[in-house]
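K.L.:
Make the full structure from the sequences, and use the hints.
Here the protein sequences come in this chain order: A and B. Residues in the first sequence are numbered consecutively from 4, following our numbering. Residues in the second sequence are numbered consecutively from 65, following our numbering.
Hint data in this document are derived by calculation from the structure and do not stem from the laboratory. Be aware that one or more of the hints could be misleading.
Stretches of chain B that chain A covers, calculated by requiring three or more beta carbons in the stretch to come under 8 Å of a beta carbon on chain A [to be verified]: (1) 143 to 151; (2) 167 to 177.
Each computed EDC-like pair below joins lysine to aspartate or glutamate, with the alpha-carbon atoms no more than 20 Å apart [what the hints assert, rightly or not]: (3) Lys-78(B) - Glu-94(B); (4) Lys-107(A) - Glu-123(B); (5) Lys-73(B) - Asp-70(A); (6) Lys-107(A) - Asp-70(A); (7) Lys-6(A) - Asp-85(A); (8) Lys-6(A) - Glu-94(B); (9) Lys-102(A) - Asp-102(B); (10) Lys-107(A) - Asp-90(B); (11) Lys-102(A) - Glu-14(A); (12) Lys-102(A) - Glu-94(B); (13) Lys-73(B) - Asp-102(B); (14) Lys-102(A) - Asp-120(B); (15) Lys-73(B) - Glu-94(B); (16) Lys-102(A) - Glu-123(B); (17) Lys-72(A) - Glu-48(A); (18) Lys-6(A) - Glu-69(A); (19) Lys-107(A) - Asp-102(B).
Idealized CB from N, CA, C, for every residue including glycine.
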Amino acid sequence: DAKTTQPNSMESNEEEPVHLPCNHSTISGTDYIHWYRQLPSQGPEYVIHGLTSNVNNRMASLAIAEDRKSSTLILHRATLRDAAVYYCILRDPVGSNYKLTFGKGTLLTVNP
Amino acid sequence: NAGVTQTPKFQVLKTGQSMTLQCAQDMNHEYMSWYRQDPGMGLRLIHYSVGAGITDQGEVPNGYNVSRSTTEDFPLRLLSAAPSQTSVYFCASSYSGRLGDTQYFGPGTRLTVL
Numbered sequence: 004d005a006k007t008t009q010p011n012s013m014e015s016n017e018e019e020p021v022h023l024p025c026n027h028s029t030i031s032g033t034d035y036i037h038w039y040r041q042l043p044s045q046g047p048e049y050v051i052h053g054l055t056s057n058v059n060n061r062m063a064s065l066a067i068a069e070d071r072k073s074s075t076l077i078l079h080r081a082t083l084r085d086a087a088v089y090y091c092i093l094r095d096p097v098g099s100n101y102k103l104t105f106g107k108g109t110l111l112t113v114n115p
Numbered sequence: 065n066a067g068v069t070q071t072p073k074f075q076v077l078k079t080g081q082s083m084t085l086q087c088a089q090d091m092n093h094e095y096m097s098w099y100r101q102d103p104g105m106g107l108r109l110i111h112y113s114v115g116a117g118i119t120d121q122g123e124v125p126n127g128y129n130v131s132r133s134t135t136e137d138f139p140l141r142l143l144s145a146a147p148s149q150t151s152v153y154f155c156a157s158s159y160s161g162r163l164g165d166t167q168y169f170g171p172g173t174r175l176t177v178l
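P.N.:
Structure, rendered in structure tokens:
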């Protein structure tokens, strides 16, 4: 599985935008970029995913670099409820596509 | 829909005891899986199933058994508990397990083995 690198932690203030980076320099042409987050004492929940184009949904936006070696999850207005560990995950449709390979993720702290 | 449910929420075992962690989903999902999460680490896949009667091993299957007799249920059995199995266990399901499917996770079972 291609590897991802994320900062261990980030801090933000409430109602400000947050940009969570992820590096994946060994990404293959068929790997999808997925983001999940895990709120304290809960199971992970899906946030967003994409392949090449930027993606938006009600929770967040995903900006993918043109060379696909990095991506950024954007929370447009952080709330206290967004405090969580955010995981950037690559999924290969050619290989074993059942598994989500979780790294250590980025712990996001949101200050009131 | 209740989504993915797990029981119990907490469990303490002694070394050598056996037990079954329960997982159920009411979304008619074909794919179900079990992960464990150790402190400060990401989740690791234990076993998964792509449908009733079909199971396969993940990356850390030793010491665990699974079966899938119905679409709804996917229990995880610890055969002889060891302190190394102290962890938080998450069950997940998705429609097919394929690339674009969202995986839905249960709230977890916190297991301590003394």
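K.L.:
Taking only the CA atoms, is the gap from Lys-6(A) to Asp-85(A) under or equal to 20 Å?
P.N.:
violated, 25 Å
K.L.:
Could you grab the alpha-carbon distance between Lys-102(A) and Glu-14(A) and see if it respects the 20 Å cut-off?
P.N.:
Since the Cα atoms of Lys-102(A) and Glu-14(A) sit roughly 29 Å apart, the hinted pair is violated (cutoff 20 Å).
K.L.:
With a cut-off of 20 Å on the C-alpha distance, tell me whether Lys-107(A) and Asp-70(A) pass.
P.N.:
violated, 24 Å
K.L.:
Just to be careful, I want the Cα atoms of Lys-6(A) and Glu-69(A) compared with a cutoff of 20 Å; is the pair within it?
P.N.:
Roughly 18 Å between the alpha carbons, so the hint for Lys-6(A) and Glu-69(A) holds.
K.L.:
Is Lys-107(A) within 20 Å of Glu-123(B), Cα to Cα?
P.N.:
Holds - the C-alpha atoms of Glu-123(B) and Lys-107(A) are around 17 Å apart, at most 20 Å.
K.L.:
Taken at face value, is the distance from the CA of Asp-102(B) to the CA of Lys-73(B) at most 20 Å?
P.N.:
With a Cα-Cα distance of about 16 Å, the restraint between Lys-73(B) and Asp-102(B) holds, given a limit of 20 Å.
K.L.:
Between Lys-73(B) and Asp-70(A), does the CA-CA distance stay at or below 20 Å?
P.N.:
violated, 44 Å
K.L.:
Would you mind confirming whether the straight-line C-alpha gap from Lys-107(A) to Asp-90(B) stays at or under 20 Å?
P.N.:
violated, 30 Å
K.L.:
Taking only the CA atoms, is the gap from Lys-102(A) to Asp-120(B) under or equal to 20 Å?
P.N.:
holds, 11 Å
K.L.:
Does Asp-102(B) sit within 20 Å of Lys-107(A), going by the straight-line distance between their CA atoms?
P.N.:
With a Cα-Cα distance of about 11 Å, the restraint between Lys-107(A) and Asp-102(B) holds, given a limit of 20 Å.
K.L.:
Run the distance test for Lys-6(A) versus Glu-94(B): straight-line Cα separation, threshold 20 Å.
P.N.:
violated, 28 Å
K.L.:
For the pair supplied as a hint, Lys-72(A) and Glu-48(A), confirm whether the alpha-carbon distance does not exceed 20 Å.
P.N.:
Not OK: Lys-72(A) and Glu-48(A) at ~24 Å, beyond 20 Å, violated.
Hints 1, 3, 5, 6, 7, 8, 10, 11, 15, 17, counting from the list given before, are not met by this structure.
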